[in-house]
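J.: Make a model of the complete structure from these sequences and hints.
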Amino acid sequence: MTMNYDESLAWIHERTKFGIKPGIKRMEWMLEKLGNPEKNITGVHIVGTNGKGSTLSYMRNALNYNDYTVGSFTSPYIEIFNERISVDGKPISDEDIAELANIIRPISEDMVEETDLGNATEFEMITMMMFMYFGKLHPVDVVLIEAGLGATNDSTNVFNPVMTLLTSVGLDHVDILGHTLLEITRDKAGVIKPGIPLVFNIKDDTCRDYIYKVLDEEGSKGIELERDIILTTNGDEFSFKYDKYDFDDIQLKMLGRHQQENASIAIAALIEMQERGIVTLDFNKMILGVEETTWTGRIEKINEKPLIILDGAHNNEAVDALVETMHSHFDDKKITVLFSAVKGKPLDSMVYKIGMLADEFYVTEFDFFKAEDGRVLYDAIEHPNKHYIKDYMKFIRNFNDELLLITGSLYFISEIKQQLKD
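The opening residue of the sequence shown carries number 0 in numbering that gives the first Met the number 0; numbering runs sequentially from there.
If you are wondering where the hints come from, they were derived from the structure by calculation, not from laboratory data.
Distance condition first, Cα-Cα at most 25 Å in a straight line; then the derived SDA-like pairs of lysine to any residue: (1) K369 <-> V341; (2) K20 <-> L33; (3) K389 <-> D421; (4) K416 <-> L346; (5) K243 <-> T232; (6) K16 <-> L148; (7) K252 <-> E82; (8) K20 <-> G343; (9) K333 <-> I388; (10) K333 <-> D347; (11) K420 <-> F368; (12) K352 <-> D331; (13) K243 <-> Y64; (14) K389 <-> Q418.
With beta-carbon atoms standing in for the labels, derived distance ranges: (15) N35 <-> G218: 21 to 29 Å; (16) T15 <-> K300: 28 to 36 Å; (17) E78 <-> K369: 12 to 20 Å; (18) E113 <-> N397: 53 to 61 Å; (19) E113 <-> L136: 23 to 31 Å; (20) F367 <-> N302: 20 to 28 Å; (21) Y351 <-> L287: 35 to 43 Å; (22) L419 <-> D208: 42 to 50 Å; (23) E31 <-> E303: 46 to 54 Å; (24) E94 <-> G234: 41 to 49 Å; (25) D203 <-> F282: 27 to 35 Å; (26) S348 <-> E13: 31 to 39 Å; (27) K300 <-> S348: 20 to 28 Å.
Note that the structure is predicted; figures quoted are calculated from it, not measured.
The beta-carbon is built from N, C-alpha and C at its ideal position, and this holds for glycine as well.
T.: Take a look at the structure:
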């Protein structure tokens with residue numbers, strides 16, 4: 000039976016019941032059955048606790064400004080499922096999704112019947128669809144692939160990239176990746192491939208030493224922010240220096256020092272791709288593309304009067320970056336926070352940090368199977384002006400104070416953006 004778009008989505012989402020299954024054996028089996036489409040792409044692999052999506056978007060825009068057709072694989076989606084697989088920032092069509100699902104489904108069913116590997120997960124199915132789309136159905140110049148969870152055992156870790164990036168290492172998904180920064184770094188180091196450069200940003204000395212050890216073992220070049228890439232911040236502008244390349248007065252549309260770091264990693268990766276003959280760039284166009292980049296749900300202004308900002312900060316490191324940026328740009332305003340989160344996050348530390356920012360602190364829950372109960376969030380907060388609300392959309396629509404910051408989860412941001420669109 001051929002599935003239409005809605006049936007395809009239902010089939011894909013039904014697979015959430017199989018949970019998260021680290022490991023790449025199922026991916027390798029299915030890809031081989033499809034003729035290994037992943038071998039046909041020119042791909043860049045981007046891993047990291049935070050900053051993957053923003054870094055990917057800087058690279059995509061810079062390549063687009065140089066007339067390259069760029070495929071992207073990102074997660075989670077914010078407004079529509081099709082965003083997960085996009086070409087030049089435009090989600091693929093409903094017809095594409097249905098066609099891909101109809102190709103992948105029988106392969107996944109064969110795997111259950113013919114092997115003891117079990118059922119493929121939702122993320123594995125979407126990753127398979129991406130490789131099939133860019134590897135066979137719709138070839139593009141470059142594919143930028145964001146890892147889902149970690150690197151070593153992530154479903155995306157089945158292709159040979161031309162460039163690898165590690166945007167950050169932080170404590171997130173600790174039950175799967177490890178409870179220390181070093182354990183998580185060990186997992187993310189799985190992105191390193193023999194002879195393929197890694198552009199990376201790591202603050203912890205022990206973790207940095209481990210990355211260099213793996214780079215040495217694999218015979219791969221390491222390009223590190225603050226060692227090889229010199230970033231000098233001057234307010235909202237920054238200068239960039241790497242090797243013989245020097246760019247001054249770069250001003251991003253996305254706010255914060257962390258975004259300057261993400262942009263610098265992206266620029267260095269693009270330069271290295273040029274040096275290796277993978278792309279040919281006009282550097283003025285590259286920088287313009289980086290400057291003009293926006294990425295939904297990252298200090299995103301969705302309304303000016305009153306000022307309403309969305310940010311998907313969903314772990315301690317992302318919250319630190321958010322708080323620093325809000326202090327440096329909006330310290331003169333009364334800040335009202337609307338917060339929600341998914342289960343399994345370090346709530347106490349997250350709400351403490353955000354609470355230092357908030358003049359008024361509202362919590363709620365949203366319709367998502369992993370969403371934390373609003374009362375649990377309320378009890379986790381120690382703030383003199385804390386409130387629990389049920390109807391958060393009514394609250395947003397009626398807000399008339401100085402600044403509303405909505406944060407805590409990309410899934411929460413996604414829900415709000417979809418409802419505002421409706």
